[in-house]
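Engineer: Numbered according to this note's numbering, the sequence shown spans residues 1 to 755.
I should point out that these hints are in silico values taken from the structure, not numbers from a laboratory. Watch out, some of these pointers could steer you wrong.
[What the hints assert, rightly or not] The calculated label-pair distances, taken between Cβ atoms and stated as ranges, are:
#: 1; residue 1: S488; residue 2: G600; range: 23 to 33 Å
#: 2; residue 1: E723; residue 2: T631; range: 48 to 58 Å
#: 3; residue 1: T497; residue 2: E571; range: 46 to 56 Å
#: 4; residue 1: K410; residue 2: I371; range: 38 to 48 Å
#: 5; residue 1: D591; residue 2: T89; range: 35 to 45 Å
#: 6; residue 1: D43; residue 2: D67; range: 11 to 21 Å
#: 7; residue 1: G600; residue 2: P36; range: 43 to 53 Å
#: 8; residue 1: E723; residue 2: H276; range: 23 to 33 Å
#: 9; residue 1: E571; residue 2: D86; range: 29 to 39 Å
[Said to hold, decoys possible] Derived lysine to aspartate or glutamate pairs resembling EDC-like cross-links, with alpha carbons at most 20 Å apart:
#: 10; residue 1: K439; residue 2: D41
#: 11; residue 1: K291; residue 2: E281
#: 12; residue 1: K156; residue 2: D194
#: 13; residue 1: K156; residue 2: E174
#: 14; residue 1: K410; residue 2: D336
#: 15; residue 1: K410; residue 2: E486
#: 16; residue 1: K115; residue 2: E174
#: 17; residue 1: K115; residue 2: D458
#: 18; residue 1: K115; residue 2: D194
#: 19; residue 1: K410; residue 2: D431
#: 20; residue 1: K115; residue 2: E170
#: 21; residue 1: K439; residue 2: D458
#: 22; residue 1: K115; residue 2: D41
#: 23; residue 1: K156; residue 2: D95
#: 24; residue 1: K115; residue 2: D317
#: 25; residue 1: K156; residue 2: E281
#: 26; residue 1: K410; residue 2: D476
Virtual Cβ for every residue (Gly too), placed ideally from N, Cα, C.
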Amino acid sequence: MRRSLRLWSVVFTLVLLAAACAPPNPTPGEPPAPDPYLEVDPDANTFEFATKLSGLNQPVNAAFAPDGRVFVAEMPGVIKTFDSIDDPTPTVTADLTAAVRKTGEHGLVGLTVDKAYPTRPFIYALYAWDSTGLWGDGCAANYQINGCVTGGRLVKITVDGSGVMTGSPETLVEDRWCFQFNAHSVGSVEMLSDGSLVLTAGEGANYTGVDYGQHGGQQLNPPVADLTPANPCGDPPGGEGVPGDPATSQGGALRSQDLLTDGDPLVWDGSLVRIHPDTGEPMPDNPLVGKGTTDDDAVIAHGFRNPNRITIQPGTDRVFVGNVGQGYAEEIEAVDIGSDTVHNSGWPCREGPRYHNGFRALENIVCDELISAPDARSVLTDPWFYYLRQGAGAAVTGMAFVPENSYPEKYHGNLFFADYVLGNVWAMTLDAQGNPAPKPPEPVAFQVGIVDMDAAPDGYLYTVNIAQGTVDRLTDENSEPVAHIEASPRQGPAPLTVDLDASGSTQPGGGVLAFSWDLDDDGEFDDATGPTTSVTYSDEVNHRVHVEVTNEAGVSSVASETLYPGNTAPELNVQVSSPLPWTAGDQITFDATATDAEDGTIPAGDISWNAVLRHCYTAQDCHSHPHVGGTGTSGSFVGPSHGYPSYVELEVRATDSRGQSTVETLDLHPATAEISLTSSVPGASVTLGEVLVTTPATVTVILGDSVPVGVPNTQVIEGVTYEFEAWSDGAGASHQLDISGDLDLHLNLEPLEDG
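With the hints as constraints, model all of the structure from the sequences given.
Structural biologist: See below:
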């Protein structure tokens, strides 16, 4: 479904990180399988996190060069480099923010270093960009409902000896993807041992329900001109401007199966592709080369929903793909490079090893043919490993194989993987055939916010935490301690006396720690000893204090803190000016003002804001989706379309001339409506949004949302087969519900004559 996205006849247009959020639901009529739930342990501490790089702005990738240099990708579009993992001061490699589209979960999300670096002084960056040329980082009105069409781009960057870009980025690939919504776009890029590149992308669909290409073109009140049209990616059979039909459409999440459909050029949505690092052309030994059209030659796997992160098994060139699920399961797929067939994960027709409830109800021709008569061009493959979603969801993210030179032998060769929502890092043992061992994965660490994991040349594993802005080393009882420092007060009139406490520092596995302090920022830890101390500063300038924590083996780590004598943080006031509670598609507007005792009025450029969608299973069990952000004394964003319960968390930050910040956070809750589902035969299975319910049922949704509802043409209830006759609203078996208030919806079923 690839098409030119540079020029449009209609003006049109908003993360993972994105994890869809419904709890798991079994598929009717299928025998129950054992539930592969992962053990979640917030107290897991076999390994801990030692922060090595900090102060980063939404980091999403760390790429380690063979010589120890580190490159870090920040989601808004900046690539930074560090001389080593112990270098505290970054240098900007390249600023791609003018090219990168940063809305929701779109941005700069993939980065890798050439394996022959520095002989081949190249890094490769994968990012979302405004392929329409119309909106930049913005979107057309009502983009949460209609979408915000985005493309992907892979660039090759030449760097000098200090890791700084020379010349301009060279585009290797663009215009091979069409992402309608602001999640599930481009993912990872990695280099195989032969020097070829493998890269992933999601299907670009609406992540909150069953998207078969029906979205777009929904008008606002009062009407506006700049809308994303219906079916903006031009998917068959209707093309641009014509909403998809449940039974025949090839759009929405079905773009993940584009390899198996005809009628339009191929897109790489939901696919893993393998290309040459200098030309962007398919590798000549890819499985589809020489077999019909050349348009599909790069594809080596497809049928993914959101394959956000990949890792390569050392010595095998086997690509492991973390595929984020929707309502049932998280998957880890293993794709063998060199196979003569294409791996098909099955999305959206399957999730995990089961049919997807919502798409099964559509009885769509793409899924029906895939399940009943698989195409010879790809092989429908069960996940290498999967686990069921829990609570407010899950999102498999960073993965890496444990090297054999730094950690205890029992973990050598294990696959470590993280979940952004559940928070744990797990260790998975492989058997002699390279499959998951019978032993369940072991939770070995806990930290919410991990979006990437890498094995570095020094033999350690490193994680990237987008929430904390850090790159952290996984440490065990045989490695370094984790230093931690508390300072009170951090600000106040000079002279300022500050109490410092490092007693919260830890050593995995336990042990005695020694403490040394650098209180004058001269790089020497010779100013104090012991876990606590105090210091007084008379001058009105910022001071950095550092503590070095050393274990019994003589291994150390350092923590630092900034103090502000003679300064106070700004006073910040944030007021929402639009009506609350909000509805989906509403413009939510706010004003922010900040004053500072030393600086006066804080300039607009020093006030930043970020709106995050919080999706909850219970009041205490929530996780975050990036939504939108900006700078200035006012801002606005669209109330999101999402499953309920959810709300928007608005965070506003004001920073003074000394770099000290004040943050105010507001929780903005939506207006809701109730959908009451009944049926002529109680016990009917209905898919509403992401959730499978049994009638009678009442489901709470966000007011203003557009929610898909569907039933199969036939279903068995208490041993009797019934067929769909009608909904009380007169629509087809599968259709959209535009939620303007509470809704009563009745399903009429008729028994089959032979039932």
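Engineer: All the hints need checking, so say for each whether the structure fits it.
Structural biologist: Quick rundown of the hints versus the structure:
1. A C-beta distance of roughly 27 Å is found between S488 and G600, which places it inside the suggested range of 23 to 33 Å.
2. Between E723 and T631, the C-beta spacing of about 57 Å keeps the proposed range 48 to 58 Å intact.
3. For the hinted restraint 46 to 56 Å between T497 and E571, the CB-CB distance of approximately 24 Å leaves it violated.
4. At about 41 Å, the CB distance of K410 to I371 agrees with the hint of 38 to 48 Å.
5. A hinted range of 35 to 45 Å holds for the C-beta pair D591 and T89, which are about 36 Å apart.
6. Taking 11 to 21 Å as the suggested C-beta distance range, the pair D43 and D67 does not conform, at roughly 38 Å.
7. In this structure, G600 and P36 break the distance hint of 43 to 53 Å, their C-beta atoms being roughly 59 Å apart.
8. Distance hint check for E723 and H276: the Cβ-Cβ separation is about 53 Å, which falls outside the suggested range of 23 to 33 Å.
9. Separation of E571 from D86 is about 38 Å and conforms to the stated range, judged on CB atoms against 29 to 39 Å.
10. For the proposed pair K439 and D41, the alpha carbon gap of about 17 Å is at most 20 Å, so the pair holds.
11. Of the supplied pair hints, the one linking K291 and E281 holds, its CA atoms being roughly 16 Å apart against a limit of 20 Å.
12. Pair hint K156 plus D194 holds up; C-alpha atoms about 17 Å apart against a cutoff of 20 Å.
13. Proximity of K156 to E174 is assessed by CA-CA distance (about 12 Å); at most 20 Å being required, the pair is judged to hold.
14. For the proposed pair K410 and D336, the alpha carbon gap of about 25 Å is over 20 Å, so the pair is violated.
15. Using a Cα cut-off of 20 Å, the hinted pair K410 and E486 is violated, with the two alpha carbons roughly 35 Å apart.
16. Our distance criterion of 20 Å between C-alpha atoms is broken by K115 and E174, whose separation comes to about 23 Å.
17. Pair hint K115 plus D458 holds up; C-alpha atoms about 15 Å apart against a cutoff of 20 Å.
18. A distance of roughly 9 Å separates the Cα atoms of K115 and D194; the hinted pair therefore holds under the 20 Å criterion.
19. For a cut-off of 20 Å, the pair hint linking K410 to D431 stands: about 13 Å separates their Cα positions.
20. For the proposed pair K115 and E170, the alpha carbon gap of about 18 Å is at most 20 Å, so the pair holds.
21. Restraint check for K439 and D458: not satisfied, since their Cα atoms lie roughly 29 Å apart, outside the 20 Å limit.
22. Taking the CA atoms of K115 and D41, the gap is near 36 Å; set against the 20 Å cutoff, the hint is violated.
23. In summary, the hint linking K156 to D95 is supported, as the alpha carbons are separated by about 14 Å, within the 20 Å threshold.
24. This hinted pair checks out: K115 and D317 have alpha carbons roughly 13 Å apart, not beyond 20 Å.
25. Straight-line distance between C-alpha atoms of K156 and E281 comes to about 13 Å, which keeps the hinted pair within the 20 Å bound.
26. Between K410 and D476 the alpha-carbon distance is near 12 Å, which keeps this suggested pair within the 20 Å criterion.
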